[in-house]
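Chains as they are written, first to last, in my numbering: chain A, 2 to 688; chain B, 254 to 595.
Keep in mind the hints are simulated off the structure, nothing from the lab.
Do not rely on the hints blindly, as some may be mistaken.
[Said to hold, decoys possible] DSS-like, lysine-lysine: derived pairs with alpha carbons at most 30 Å apart:
#, chain 1, residue 1, chain 2, residue 2
1, B, Lys307, A, Lys240
2, B, Lys438, A, Lys531
3, A, Lys236, A, Lys630
4, B, Lys500, A, Lys531
5, A, Lys149, B, Lys307
6, A, Lys240, B, Lys438
7, A, Lys681, B, Lys322
8, A, Lys241, B, Lys500
9, B, Lys310, A, Lys531
10, B, Lys500, A, Lys240
Below, each chain spelled out in residue letters.
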Amino acid sequence: MSRNNALIAMACLFFLSCGSRAVVLARQDGDRHVVRLALSVDPRFLDPHRAGDVYSARQCGLAYESLVDYQYPSPPEPQLVPCLVRHIPEITDEGRTYTFTLRDDISFQDDPCFPNGVGRRVTAQDAVYSLKRLMSLAEGGFWVLENKVPGLDDWRRRFLATGHPQARDRLFDEPVEGLTILDDYTFQIRLRSPYPQLLWALSLPYGAIVPREAVERYGLDFSRHPVGTGPFMLKEYVKKQHLVWTRNPKYREIYFPQLDSTDIRQNNYKNIFRRKWEQEGALDPGDWDRYMAPHIGKHIPLADELQFLIIPEASAMWMEFLAGTIDCYERLNKEQFDRAFAGTANSKNSAVSPDTLLEREIREQGIHLQICDDPSINYLVFNMEDERVGGYDERHKQLRRAISLCMDRAYLISAYLNGRGRPANMLIPPDVRGYNPDYRTPWGGYDPQQARALLREAGYSVSQNSSGEWVTCESPNGSPLELSVEFRSAIQGTRDIARFYTICAQEIGIRLQCNLQTFPEFLRRAAEGKGQLYDANWTMDYPDAQNVLQLLYGPNRRPGVNYAAYRNDRYDRLYEELQVLSDSIPGERQRKSEIIREMSAIVDEDVPWIYLYYNRLFVLYHDWFSPTKPLPMSTRSYRYAVSDPATRLEWVRHTNTMFRLPAVLFALLFVGIVAAFVYKIVEQQRG
Amino acid sequence: MLFYAVRRILYAIPILFGVILLTFTLFYVINTPDTLAVKELQKAANPETIRQWKIQKGFCVYTDEGFRKKMEIEAGRAAPGTEITEEDIRPVSKPILFLHYSVDLLTFNFGRDRDDRPVSAVLLDGMGPSLKMMVPAFCLSEMISIVLALFCALYRGTVIDRAFVVLAVFLMSFNSVALILFFQKFLAADWRYFPISGYESGLSGYVYLALPILIYTALSMGAGIRFNRILMLDEINQDYVRTARAKGLGENTVLFRHVLRNALIPLITRWAVSIPFLYLGSLLLETFFGIPGLGGITVEAIQNADLSTMRAVVFLGALLFILANVAADILYGIVDPRVQVG
């Protein structure tokens, strides 16, 4: 073969080896059940004690487990079930002492950090070590035990002040007053005062048990080298490319969804559990057939492998989803939504069959839709120390109420979010104990006329100029009222929302200046109290109202989580009372509801926040993918997901066929240009 | 020649010093350490973590009293509730800070990024994919644009020449994002000639890089054709070309041995300016195709206010730019011996 022919052959081979990634990956899967998903960014940490963001927390949920976990399928009020412990811990001493008994069949995954590379049994020593380690980190989840356990905060202070690594290691061997090991599998946490949220907090990745050997061996790299007790082990992690998790062969005997061998030995166990879940309200009509029946009794995890491809750009991720490379997609932007959905999402239709919302073309490709409420609230925060918008006098309260009344939440949700939200009626999101769907904040409607009336009552001058635009001034001869809102990003979605706020404020004659910041800059300005309003969002860590009510608690003032710097003595006293009340004790639960009502009324009087909307998640998935019933606050639901490799391979083969005509035309054009060039040179040589 | 080369290298030293001073001023003088700490620590920022960050990054040291307190806490002898406070640390003076900063940069000790990874390792990881994409893309686009410029020079004034000029202007005026989306949608998603996105190390990775390379070539070819065409036309009308042809030299010899060689000086200048940017990759292409290059790392560092990574990228960029210019100066001397005299 001449050199030119060889080059042409290589080029052809290269060209043929290109083509769809979906087909290549589906072929590689063979008959293994591989779930393939996409992430827009790398998880920051694979260390559960530092996993403060959703991406990290979900990845950590694959390799690590906590003492307790969310029940699956979840009843309307989420419940905890034992995970690494034998039973839900015994609570004594008026809620101050928790005694945990670990299961004796839990082992860490195999890893070179253990002698002979074999993962050892998990003991109470590991649990106490993990709690100390959580407190030893400058960032992450130390807040879940901060000021709660006697001796632990002093231990933390000593640890952080200690610079020498060996001295730091020795500190882990020192006893802490509030943490007691009773035997190999039993330990106790003693609290300063009742802390009913403790178990919720320990169900977060922060409550994961980590082996000391791995932390010491990998040092700072431990955050990229997970060694846990969970259903998956990290097989490969190439930053900015992919994470591959494979089934942990040492994972304990557990069957879908959370059954043990005794459960599945019962005759007719499927019907028994079906009835139980239906009685609890954990299954909606159709859920049994859709989510439970195909898998019940199968070994957990359902998938052999989980692959997460890092695809930063939403458009590329969308194209990969349509090509079948990834199994599901949840980052829909407005353009993609317009393409995939027939009009704006409507909750009435979606309750019957969410798929009816999809365009026919999308439905015909075997793509389905799942809709779920996200336990989060989007809101605007007033800087209560700002001289224009802050303050507790009637004039400033009226101003804040007026701004709240000018926000057209229904329009925001339909026009800007394609229906992916619900107007917020109180500061506690749905699916959280204390949320009351019948409660209505007096300032949650859209009424610009009333808003202008409130401004006039408060002494502002509101009038229309010659072109019909409303102008609000501080006083009749004062300058127009201009306020600023700080945003945490400058992406298109944020710009759209900023434009919406501006338009709404114009309705009452207020000029809004929207400052689109980077996230670090936003946090800095909020922490330093620079700015008048902040665009904010809070996603619940656990389904206890305390988690969101703390955002307005006076002592949590910035740089803590209370960015509004809101202070109300009555609110603070009620919060202090509420945070020690348990939802599981009927009398306390009743009192808690009363407190939440009173706290909501106080917030509605002072208006330090404008409630906007609660998020709803729209997830598209392919026919071969079996999604999980939504379990919003859990980070461990991937263990219940699975894909069918044969259906996927057939689909991607059928869909991803190459369209050759343009390539042929381009090749002809290229050959023509080269021929012309050669002809001209030959002609000139001859001439 | 050696003296000339040494002189060019010596000229580069004050420029490098200037770069270090400028970046120091930008990162360490304009912003206070507290501001930088809040930006980098983000949600983890609290008085305790900020204080630790300032000590760890060398902005502050313990006072004698603070050091005594720290030792007592460390040994467990301190009274309960004893804490290190702001009074227990003091700021390091700016000249000392600058000295540490310069030594760190000149010894390529860039520290750790906000996720605790060594910055040098992060940059090395990112540099590979960037170079793997950009070097072939750059070579291909330059090669094609030179060949097409020669083609235009051959057909100067004809319809073909004008057609290529129009094509060049069209490619230059095309919005990069639009072209990327267009190519990605049609060539990858709809016609399935290439993967939509992704990356793999090793030679097999070129399957994923083929489309980004093609797009880069298309995007940079317009300016290349325009620039090289003018260059070639300037040269092709020179007396020595006429003389060469009159001597009976073939058109190949005239074009490739005489015209191309004489056009090299402006080309070297262009390449010298372009080459340092190759290591930074192309932010847009990397983002759209999920290539884990330095462009993405840089932008991520800016978004996350990752000081260590930002200063390393700025310093390396400046260093490469200086080195490329020194190399260009030396190459001028080789290509055109008259340059050394000047």
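Tested hints:
{"no.": "1", "hint": "B:Lys307 / A:Lys240", "verdict": "holds (28 Å)"}
{"no.": "2", "hint": "B:Lys438 / A:Lys531", "verdict": "violated (43 Å)"}
{"no.": "3", "hint": "A:Lys236 / A:Lys630", "verdict": "holds (27 Å)"}
{"no.": "4", "hint": "B:Lys500 / A:Lys531", "verdict": "violated (78 Å)"}
{"no.": "5", "hint": "A:Lys149 / B:Lys307", "verdict": "holds (28 Å)"}
{"no.": "6", "hint": "A:Lys240 / B:Lys438", "verdict": "holds (26 Å)"}
{"no.": "7", "hint": "A:Lys681 / B:Lys322", "verdict": "violated (86 Å)"}
{"no.": "8", "hint": "A:Lys241 / B:Lys500", "verdict": "violated (59 Å)"}
{"no.": "9", "hint": "B:Lys310 / A:Lys531", "verdict": "holds (26 Å)"}
{"no.": "10", "hint": "B:Lys500 / A:Lys240", "verdict": "violated (61 Å)"}
The earlier numbered hints that this structure contradicts are 2, 4, 7, 8 and 10.
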